[in-house]
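Can you make the complete structure from the sequences, with help from the hints?
For the sequence shown, the working numbering gives the first residue as 1, with consecutive numbering after it.
Quick caveat, the hints were computed from the structure, so don't treat them as lab data. Wrong hints could be hidden among the right ones.
[Claimed, not checked] Here are the simulated lysine-lysine pairs, DSBU-like style, with alpha carbons at most 35 Å apart:
| hint | residue 1 | residue 2 |
| --- | --- | --- |
| 1 | 177 | 11 |
| 2 | 297 | 374 |
| 3 | 374 | 293 |
| 4 | 241 | 297 |
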Amino acid sequence: MNTQTTYLASKPHYEILDGLRGVAAIMVIIFHLFETHSLGNHLIQIINHGYLAVDFFFMLSGFVIGYAYDDRWDKMTLGTFFKRRIIRLHPMVIMGSIVGAALFYFQQSSCFPQIEHTPVGALLLIMLLGCTLLPLPLKWDVRGWTEMHPLNGPAWSLYYEYIANILYALFIRRFNKIALTVLVVIAACFTVYRSLTAPMGDMVGGWALNWEQQYVGFVRLMYPFFGGLLLSRLGWLIRIKKRAFWYCALIIIVILSIPRLGGEEHYWMNGLYESFCIIFIFPIIVSMGAGGKVTGKYSSRICKFLGDISYPIYITHYPLIYIYTAWVCNNNATITEGIPYMILVLVGAIALAYASLKLYDEPVRRRLTERFLKKTK
Numbered sequence: 001m002n003t004q005t006t007y008l009a010s011k012p013h014y015e016i017l018d019g020l021r022g023v024a025a026i027m028v029i030i031f032h033l034f035e036t037h038s039l040g041n042h043l044i045q046i047i048n049h050g051y052l053a054v055d056f057f058f059m060l061s062g063f064v065i066g067y068a069y070d071d072r073w074d075k076m077t078l079g080t081f082f083k084r085r086i087i088r089l090h091p092m093v094i095m096g097s098i099v100g101a102a103l104f105y106f107q108q109s110s111c112f113p114q115i116e117h118t119p120v121g122a123l124l125l126i127m128l129l130g131c132t133l134l135p136l137p138l139k140w141d142v143r144g145w146t147e148m149h150p151l152n153g154p155a156w157s158l159y160y161e162y163i164a165n166i167l168y169a170l171f172i173r174r175f176n177k178i179a180l181t182v183l184v185v186i187a188a189c190f191t192v193y194r195s196l197t198a199p200m201g202d203m204v205g206g207w208a209l210n211w212e213q214q215y216v217g218f219v220r221l222m223y224p225f226f227g228g229l230l231l232s233r234l235g236w237l238i239r240i241k242k243r244a245f246w247y248c249a250l251i252i253i254v255i256l257s258i259p260r261l262g263g264e265e266h267y268w269m270n271g272l273y274e275s276f277c278i279i280f281i282f283p284i285i286v287s288m289g290a291g292g293k294v295t296g297k298y299s300s301r302i303c304k305f306l307g308d309i310s311y312p313i314y315i316t317h318y319p320l321i322y323i324y325t326a327w328v329c330n331n332n333a334t335i336t337e338g339i340p341y342m343i344l345v346l347v348g349a350i351a352l353a354y355a356s357l358k359l360y361d362e363p364v365r366r367r368l369t370e371r372f373l374k375k376t377k
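Encoded structure:
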């Protein structure tokens, strides 16, 4: 019997981009830890702009999607594309929902008054719905934060990631460079308008199933994702022979850490900063990362490790943040008192992500790939 595989092997990764994704994911955790002590007031928060990591993730995704699939549509069907994306993304979506349910009752506090009134049956139903990534209406919120994924808040960005993949596969992959450029320019205008007119002068939002939050989510998605796709098609890479990863990582850390600009009187200044970062600085970072090279074994190992845990740590860390938030609320803890526990949460999030990757995500993806993609004839 002649055996012929129909599986398209994954292309080589951009090591630096993988590493940068991990750097941004860790900055998200640090941002969320400090956010707990600011009570959501970003005007006074240390590590202030960590939420922009989501916009950076969207741009990385658009760039990588273009690199991985733009030249392969003559070799695969829509079904194959969606299978590949679901196998890559969805196992950890399920894990995030399960972790969120397992830790739910450990998060009881005055910050989450609805937890103690949530029966186990309702929790299990919401966990199962969370595994599908379907957005939940506000009346199903069991936490009180109006999240459409109340067991695992960051799943909202995966919801938009899926939408972007659907739009790309059905329509936008067929756009030529001119049409794609027009789309990206229009999306950039919406980004600027939103950032300058937002009530708090920022791009925060997208996690609730109402018109306002859905609008914010789509604005945050469209420019970065399809701007990354355009960047991939144009091939505008900045060649850096040495230390490209470290330069890019430093820029990301600074961008996501810088204090809130303008204060209460000049929100537009912060909005201008954020739109400038999203529209100009993030493409430069992606271009530097894709055009640079990893020259040392030490840097290569760091990039690989950060890249491996970047998605698992992002999609599983927030239930630990909920627990830390509950502890801060119950004890009225200060930042100084919380530092040891912040470190513990960060280490725990990394350990949870690595264990999820090795014990669950990689084996499951291998099995699903063998079952649904590596067909023989």
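Now for the hints, and whether the structure bears them out:
Between residue 177 and residue 11, the direct Cα distance comes to roughly 23 Å. Compliance with the 35 Å bound is thereby established for this hinted pair. The suggested pairing of residue 297 with residue 374 holds, with an alpha-carbon distance near 32 Å, which does not exceed 35 Å. The straight-line distance between the Cα atoms of residue 374 and residue 293 is roughly 32 Å, inside the 35 Å bound, and the hint therefore holds. Using a Cα cut-off of 35 Å, the hinted pair residue 241 and residue 297 holds, with the two alpha carbons roughly 15 Å apart.
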